[in-house]
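Participant: Chain by chain, the residues run as shown.
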Amino acid sequence: MLGLMLLAAFLLPPVVLPILTIAILAAAWSAGLLRPLVRAMRIPALLLVSILVVNSLFFPAAKDILASFGPFAIMREGLTFGLISAGRVLVAFLASVTFLFTTLADDLLETLISRGASHRIAFVVLSAVQLVPRMRSRAGSILEAQQARGLSLEGSFVRRIRSLVPLIGPVLLGALVDARERTFALEARGFGARPGRTAYRIVADPPIDRWLRLLILVAAVLIVLVALGILAR
Amino acid sequence: MTVDATVRPDGSPLLVEDLTVRYPGRREPSIAAVGVTVAAGERVGVAGRTGAGKSTLALAAAGFIPRVVKAKVGGRVIVEGQDAATAAAGALLGKVGIVFATPANQLSASKLTVREELAFGLENLGVPRDEMDARIDETLARLSIGHLADREPFELSGGEQQRVAIASIVAMGTTVLVLDEPTAQLDPAGTVSVADLLDDLARAGSAILCAEHDPSVLGRMDRCVVLDQGRTIAFDVPGGALAKAQAAGGSPAPTLVRLAHAAGLRPSLAFDEASIAAALETTARVATPTPPKAAAGQTLPPPSSGWTPSHERAPVRVEFENLIHRYPSGIEAVRGVSLIIEPGEAVAILGQNGSGKTTLVKHLDGLLRPASGHVLLDGRPTDERSIAELAAVVGFVFQNPDEQLFERSVEREVSFGPRNLKVPPADIAARVTDSLEAVGLTGQRMTNPYDLDLTQRKLVALAGILAMDPAVLVLDEPTTGQDPDGVLRVGAVVEAMRASGRSVIAITHDMEFAAVRFGRIVVMRDGMVVADGPPEAVFAPANHDLLASTGLTPPPAARIAARMGLDIVALDADRLLAAIGR
Chain A
1 MLGLMLLAAF LLPPVVLPIL TIAILAAAWS AGLLRPLVRA MRIPALLLVS ILVVNSLFFP
61 AAKDILASFG PFAIMREGLT FGLISAGRVL VAFLASVTFL FTTLADDLLE TLISRGASHR
121 IAFVVLSAVQ LVPRMRSRAG SILEAQQARG LSLEGSFVRR IRSLVPLIGP VLLGALVDAR
181 ERTFALEARG FGARPGRTAY RIVADPPIDR WLRLLILVAA VLIVLVALGI LAR
Chain B
1 MTVDATVRPD GSPLLVEDLT VRYPGRREPS IAAVGVTVAA GERVGVAGRT GAGKSTLALA
61 AAGFIPRVVK AKVGGRVIVE GQDAATAAAG ALLGKVGIVF ATPANQLSAS KLTVREELAF
121 GLENLGVPRD EMDARIDETL ARLSIGHLAD REPFELSGGE QQRVAIASIV AMGTTVLVLD
181 EPTAQLDPAG TVSVADLLDD LARAGSAILC AEHDPSVLGR MDRCVVLDQG RTIAFDVPGG
241 ALAKAQAAGG SPAPTLVRLA HAAGLRPSLA FDEASIAAAL ETTARVATPT PPKAAAGQTL
301 PPPSSGWTPS HERAPVRVEF ENLIHRYPSG IEAVRGVSLI IEPGEAVAIL GQNGSGKTTL
361 VKHLDGLLRP ASGHVLLDGR PTDERSIAEL AAVVGFVFQN PDEQLFERSV EREVSFGPRN
421 LKVPPADIAA RVTDSLEAVG LTGQRMTNPY DLDLTQRKLV ALAGILAMDP AVLVLDEPTT
481 GQDPDGVLRV GAVVEAMRAS GRSVIAITHD MEFAAVRFGR IVVMRDGMVV ADGPPEAVFA
541 PANHDLLAST GLTPPPAARI AARMGLDIVA LDADRLLAAI GR
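Residue numbers (the working numbering), protein chains in the order written: chain A, 1 to 233; chain B, 1 to 582.
The set of hints was computed from the structure by calculation and includes no laboratory data.
None of the hints are false.
Taking lysine to aspartate or glutamate pairs in the EDC-like style, the calculated list, with each CA pair at most 20 Å apart, reads:
no.	chain 1	residue 1	chain 2	residue 2
1	B	K422	A	E154
2	B	K72	B	E28
3	B	K70	A	D178
This is chain A alone, in the form it adopts within the complex (with noise of 0.2 Å):
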């Protein structure tokens, strides 16, 4: 679905970009998600305006003048494009953001392992998106615990960078002495002891997704055709 929405976005004309827009917003307020997505929007707000504003004032070979104010002017075209360009973007991050929220790491990966990926590096992916909150609260810890024997994360740029020092090496010295005990500890629950692994979590696919998949299969087909000018005329 997300590849869908990414190809409709970048090779169809233009003018279906607020038709998908609207599409994956309709999609979010389904699911509950529209608050969440709409938080989400201020990452990339800054990136949209920008290609706006960028493209508007200065884009290359534009003649139609909308406005002029003193020396800077807006141009019809590099107005087109900008909003164009920002709206390409916009769907490719709400498209983006939809899947994350609305996809369980531990089931995209159980039905790839199902399929065929290698369990060791879906745990490597898996324990790592796990285990960032818990190196988020430690660098927390570090930080505290350095600043309270007196180190200061003020000054010039070289004793910045000096005072990182303290602060990674406890981070990496940490990990290692920690990364002992996980390995032991999954030694012990048999990981990778022994072939024909099997699985607990049961990826639900009713048909109704199957069919959904081959609907944006044939979709998918057709956008690539229409793009390339083979159905259009």
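Add chain B to chain A, keeping to what the hints say.
Facilitator: Only chain B this time, still in chain A's reference frame:
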């Protein structure tokens, strides 16, 4: 697979015979000629000082040496009739499992619920999907943790995580369970929950080998082996083994064991508080003269060093004025605390995890700022002073040393604080020498901190703060993971600081340490102070219900005194025995 029926004459699931382990690059073996058998349904404790070889024995019993951890091995470890040295990888799976000290490290870190966490081992064993739920449900029910089934493993408390880790091993069908200091990082409630779980497992027929420092856990074992420098110095019921170990040059015996010994009880009753109280009562009334020094030691060894803080500095008075702290999540962790701590006072703050202890003390060096109320050092509010400025006055030793050690030698590590404070180099050298002497690490100046074990790393972190010569010393759980000798060392530092007019504030779960070393006890519950006074008052029988409501129990000697109905509140074995004229 080599199965040899003749090596199991008594059918014990775990046999350790004449085991010697020497790690590569070491001249001396870490353990030498150790023999232990653990029968089905038996709990065997492994005690001894830090570095005595407890972890090595645990790793070997779990079949990790020499297959995972390389070492030269003599003797044998037989698990369910199979020689661990020759067993193929995976052959011991489902027979023996091991759990270590740090709760979060015991989890697979790849599962979203406890139920899936338990399934992880089964997946690795290749158990068919349709058998998994039954096995998981059976394990959850047997270990009474069904209520955790759908919780997220990383959201659990330490005690809950340890129980889930044990359950994950047991779900694999494991009959021999090895634990390496499973309660070292837990609060009292977590410790009790893990010990209860081990009881349940033993009753269900598991063989359990558990390395531990905590007397309350060791006392619940069926037998106990005590190691010293890799050799067995005692192997008996816990009370007997710990008393013998002290006589043989091991660590001081726990309070209950000493009291039981003084009362003339047989070792198997050494952790039975009712029997100890009854026996002491009879002997106290009869008041028969006893020889002054019995084998199971009468007095604690003197503090390990005659260290005193070398620098004169002005005393600092600490005031919390109606302090309230609210975390961004909206949780009010401290809800109106007012305390005054005078120079020269040593205050222990007690309370369950989440009672607001750490939040409270983090205001002292500005790591947290009050939502309302004030923290004053010598009458000046801390609000307007930076963390770096406060660091020169308040020394804060965090619980986990690995969150601050980074230098390549102990010496450099300890001098880090004074260097930040811009102390002149000549003074730094003197301070480093003094503080290393205070914690007994003088011989390790040039050692890389990470070549020391965790308990010694904790002492390095403590020395690093002592070298900053703080007027107020704050200690967060200074005794966790320490053996009795380490606890004595930390206690001596507390006393030296207090004697030189500094104040010490410690957060601790160790009731006896608090009672013996601190002149004032503050008990917190739900972000408020519920008791404040000298230990004799706080641990008085009238307060035992209040303490219980905070998940705390008084120190062992006070419990025995209360059972005996004594007027005095005894804080340790010596004071109790003195009070009843022994």
